[in-house]
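Novice: Note that the protein sequences, when read in sequence, are chains W and H.
For reference, each letter of the first sequence is one residue, going 1 to 599 in this note's numbering.
For reference, each letter of the second sequence is one residue, going 1001 to 1563 in this note's numbering.
Heads up, a few of these hints could be off.
Dumping the calculated EDC-like pairs for lysine to aspartate or glutamate here, alpha-carbon to alpha-carbon at most 16 Å [said to hold, decoys possible]:
#1 W:111 to H:1190
#2 H:1165 to W:138
#3 W:111 to H:1194
What the hints contain is simulated information worked out from the structure, not anything from laboratory work.
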Amino acid sequence: MSFHEEDVLGKAYDARLIRRLLGYLRPHKTYVAGALLALVGDAAFQLAPPYLVKIAIDRYIATGNLAGLNSIAAVYLGCLFAAFALEYSQTYLMQMIGQRIMFDMRMQIYKHLQRLDLKFYDRNPVGRLMTRVTTDVDVINDLFTSGVVAAFGDLFMLVGIMMTLVWMDWRLALVTFSVLPLILVLAQWFRTNVRESYRNVRTWIARINAFLNEHINGMSTVQLFRRETINFGRFDAINQKHRDANVHQIFFYAVFLPAVEFVAAIASALILWYGGGFVLSSSLSLGTLVAFLLYSGRFFRPISDMSEKFNTLQAAMASSERIFQLLDHTVEIVDRPSSIVHRPEGKPGHIVFDDVSFSYDKEPVLRNVSFEVKPGERVGIVGATGAGKSTLISLLLRFYDVTGGRILVDGVDIREMNLRELRSVFGLVLQDVHLFSGTIAGNIRLGNEEISEAQVRAAAKAVHADRFIDSLPGGYDAPVAERGATLSVGQKQLLSFARALAFDPAVLILDEATSSIDTETELLIRDALHVLMAGRTTLAIAHRLSTIQDMDKILVFHKGKLRESGSHQQLLAMRGIYYRLFQLQYKGREELNAATHRA
Amino acid sequence: MVCSAMFSVAPRVLQFAVDDLYAGVTRGKVGRYAGLLLLIAGVAGYFRYHMRRIIISASRGIEYDLRNDFFAHLERLPLSFFQANRTGDLMSRATNDLSAVRMMIGPAVMYLANTIITAIVSLTLMFLVDVRLTLVALIPLPIVSITVNIFGRKIHKTFEQVQEKLSEMSAIAQESLTGVRVVRAYRQEDAETERFRQSNIDYLKHNRRLSRLQGAFFPTMGLFLGFSAMLALWLGSRDVISGRITVGELVAFNAYLAQLAWPMIAFGWVTNLLQRGTASWSRMLMVMDAEPGVRDEGPGLSALGSGPEGGEIRGEIEFRNLSFSYGDREVLSQISFSVKPGETVAVVGGTGAGKSTLVNLLPRLHNPPRGTVFIDGRDVRDIPLSELRGAIGFVPQEPFLFSDTLADNIAFGVPGVKAQHPERIAAAAAVAQLDKDIADFPEGFETMVGERGITLSGGQKQRTAIARAVVTDPRILILDDALSAVDTYTEEEILSRLRGVMRSRTAMLISHRISTVRDADQIVVLEGGRLVERGRHDDLIARGGYYAELYKKQLLEEELASS
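Taking the hints into account, I'd like the entire structure generated from these sequences.
Specialist: Structure below.
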C-alpha cells in the first residue's frame, strides 16, 4: 500500500470541483432548506440574550421593576429553548445531509466500479479502489461533521451581530468594527502559515507511516541483514522531522489564539473608553454599553473558527478530485444502442473465433486465431503458460474486446449482443475459486433469486458436493468465512461446480479446474465434471492431457497461435506438438519405468 | 497557569468600571480601566502563548519518544510475531493509538490545568460578589461536565459501532472488487450493488444515531450554560434592585460565568480523552510488552547488529533429528542430514512440504528446538544472532525491496560499501545478471525501486535480492526458491557465476526446477515435513520416486517451450 500518493494536497478552492460537489445537494433540497432556516433562526435566538441584559439594566433595574425582570427572565428562557431546538435541528439536518451525500456518492462510485472494464482493474490495485469508496468519501463528509458548513453558518451570526450593533448605536458600532482589519490580517497570516506547516506535518507523517508499513512488512529482511541499528537511525530522523514540523506548527496556534483574544480585548477597551464617554455625556445607556461588551465577545469566534477549518476544506478538495477522476473514467465495453437480445434458433452454444487477434498493450497475446465449436461439442485447450489460453476465455466473456477479427456466439458478433445476455450463455469455473462471505447456499445461487432452494440442493447433489455440505453445521445455511477460509481446495472446487450447474448455462468453461487435489476428491470431481458437461458445449483448459483425451476436439495453442486442432487420434497422427507432448507424458513414463526396473 | 488567573481578573475591572459609570466618574478614570483591560489581556496572552508552546511541545516530544520505542521494539520481535499480527493492526497501534495517547498527555493535561485554575479564581471572585447568587447560578454547571462526559462516552461507543459497520461495508466491497471476474461472468453486478446498498444503509442508520447524539451535544451545553446565565441575570438583577450587589458586580458576575463555561465543557471532554488514552495505551503495551522470542541467549554475547563479521564460521551445517511445529501443527518431523563446508545442497518438495521452514531455522527467523540445528558443530541457539546472521546470505521466496535506490538495496547488508567499495556492488549485480538491466535504466544504480520509481519485474526483484546477499560475502548462501521468476537461461547463467563466487562456500537451494538442482552435491526431498529421498540427481532418478516424477514433468514443459 502506498501512503505517499494519497497525501498530495491540492488547492483549497476549485470552482469546478465545488460546483460539482454542490450538485450532490440537489436531491436533498428540502433538508438543505430546513437546515438553512434553522441556521438563521438559531443565530437570531442566540443573539437575543445580550440584548435582554441591556433591557434588564436600562429599563427594570434602573426603575426597580420586579415584574418586568420576571418577564425578561421568561423571555430569556424561551430564547434558550428555541435556540436549543433550532441548533439541534440544524446540526442534525446538516449531518444527515452529509450522510446522505456520502451514501449517494458511495453508491455512484460502486455502481461505476461494477461497470468499469477489466482493463481498469488490471491497472488499479483493489486497495486504491477501496480508498476511493471509503476514505475519500469520508473526507468529504468531514465538511459537514467537522463544522466547515457550520462555520459558514457562523457568518450569519457575524452579520447579525454587526447589524444589531449598528442598530443599537452606530458610533460605538464603528468603534467596534475598527479592529476588524486587524483580525483579518491576523487570520490571513495564520491561514497562509498554517497551511504551509500543515502540509509539512502531513508530508512527514505520511513518510513515517510509509516507513513503518514498509518495515513491518520487511522486518525479517532487516533482521537478516542486521540493519536494526541503521534503520532505527533513519526512522529516528524522520520522526524528529515530524516532531519539529509539529512544534513549528504549534507556534502559529500559540500566537494566533491569544492574539485573537488580545484583539478582542482591544475591542472591549475601545468600547469601554468611547462608550464610557458616551455614557458620561448621557448619549448612551449603561445597558447598551454592557450589551456591546457582551456582543463583542462573540464577535471574533467565527473568524478564528473559519481559519482553522481551512485544512479540512483542502483535504476534501483533494479527495473529491480523486473521486471525480474515477467517476469520469469511461467504460469502453458497453451495450451498443443496437444490441440485440437474441434468441438462437435450434440448439444454443455455437462459438466461432474468426481471425481473432488480441494484445493487452503492444505485445500480441493472440494472433489470428480461428476455430469453431459446435453446440454440444466438447473442446479441450492445451498449451504452455503464456500461450494465450486464459485470454481466449476473457475475450469470449467480453472482459476485453478483440483488437482484430471477431467472435460469434450463436451466429452473432458478441459486440452486437446484450452483455448480460452474452454472459448468461456461459458458466465459468476458474482454477482459483472465488467465494463470497455468506452461506453455502448463497454461494451456489449467488444473487440469483430465481434459483430455488430445491435447485440449489439438486445442483449440489449432482456434483457430489452434498456430502460435505451435509456434514457442515447448518448444512446449506452454514456460514462461509471470508474467501472460504474454512473450506478445503477440493470443497471449494465442488462448490463452484454446483454454482455453474445451478445457473444451467449453454456453454461450460473450465479453466484448469482440476489441479492440486487429493486423489479421492479428484475422483469425485472427475465424476462431477461428467454430470456438468452433459448436454453442454464445453471449453476446458487443462495441463494434463489425461483429462481431455476423450474430448471431441482438442486445440493446441502455442505462443498466441492456434497450432493444431483435431481429435486426440487425429492430433497423434499429425505428429506435431501434441504428439510430442503425448509421447513425453506417456512414453516418458514407460522409459522411466524401464530405467527404474533396470536399476 | 498565571495566565488563567490573569484572565479571570479582567471582569473585576469591568465591575469597577461599570459601577463607576453608574455612579458617574471622570473620563480619565474610564481610560485607566480600558488601559488596565488591555494590560491584563496582554500579560495573559503572553503566558498563554508560552503555556501552549511548552505543554504541546512536550507532548510532541513524548510522542516522538514513544514512536521511537515502538519501532525499536518491533525491530526486536521475531518473524512469528509479524505472522500472527496483521500489518494494518500494527499500523493502527502505531498511528491512531499513539495519537490518542499523545492527546492524553498533551492537550488533556493543558486543558485540565487551565480548567482547575480558571475555576478556582473565578469561583473565588464570584463568591466575593455574592455567595447566594453564586450557589444558585452554579447549579447547572456540574451538570454540564457530567453531560459532556456521558455524551462523550456514548458518542465514542456509537462511533465504534459505526466504524465496525464501515469495515463490514469495506469487506463487502473488497470481496466484490477482488472477485470482479466471477461477478461479471455470473452477471452479479446488480446483486452485488444491492448487497453493498444494504450494508451502506445499515451504515447510514448507525450514523444517524451518531448524528443525533452529536447534534444534541452542543445545543445541550448551550441550554445548561444558558440556564446559568439566565438565573444569574434574573436573580442578580433582583439583588441589584434590593441593593445586595451593584450593577458592576452583576456585569462582572455574568462575565465570570461565561469564563467558567469553557472549562466546564473542557473538563468533560478531558475525561473522555483520558479514558480513550488509557485504552489506547494498553493496546500499545500489548506490542511493547511482547517478548522478543529470538534473542541472544548465551552469556557474554555481543549486542545486536554490532558483532563480528562472521569470518570464523566455516559453513558446516547439521540438522539432527529436527522436528518443528507452529503451535499444534507439526511442519517438520525428524529431519536429519548434514552439509559439509563448501557443499551445495538442494531441497525440493511440494507446497507445504516444509522447505521454507527448514531454511528459516538456520538464521533463526524461528527458533529451532535446542540441540537440533548446528553450524560448525555449534547449536545455532548458542551463536550470537549478529555473528550467525552475518555469516548467512539469505534470499527469500518473495524478496522484499525497500523504496530506495537499487544500489542502496544491494548494499543493504553492508553499510558503507556504497561509499567505500562501489565496485563490490557492481560485481554483485553482475553475478546476479542484473548489470544489463541496470544499464538500461536511465539512472542506473541510482534508480529508485518501488513506489515512485520504476517498478521492477518479478525476476529483477529476485536478482536484486540475490545481489544483496552476494555482496555480504556470506559463508552460507540460502536461496529459497529465489529464481522462480527468472527464465531458465538467465538462471543457468546466475548459477554458474554463483558457483564461481561461492567456491568453498556452503549453499542451500530450494527450487522446483530440476535444472537448478541437478548439479547439487546432494538433493533432499521433503514431503509432508518428512525427508523422503536424499542423494545425487542420478541416484534419485533411478529410484523413480517423487524426484523422478518431477523430472519427467519438467522435460515435458521444456519440450513445449522449445518447440
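Novice: Indicate, hint by hint, whether the structure satisfies it.
Specialist: Consistency of the hints with the structure:
1. Restraint check for residue 111 of chain W and residue 1190 of chain H: satisfied, since their Cα atoms lie roughly 8 Å apart, inside the 16 Å limit.
2. Distance check on the hinted pair: residue 1165 of chain H and residue 138 of chain W sit about 14 Å apart at the alpha-carbon level, within 16 Å; holds.
3. Under the criterion of a C-alpha separation no larger than 16 Å, the hint pairing residue 111 of chain W with residue 1194 of chain H is consistent with the structure, at around 10 Å.
Checked against the numbered hints above, the structure breaks none of them.
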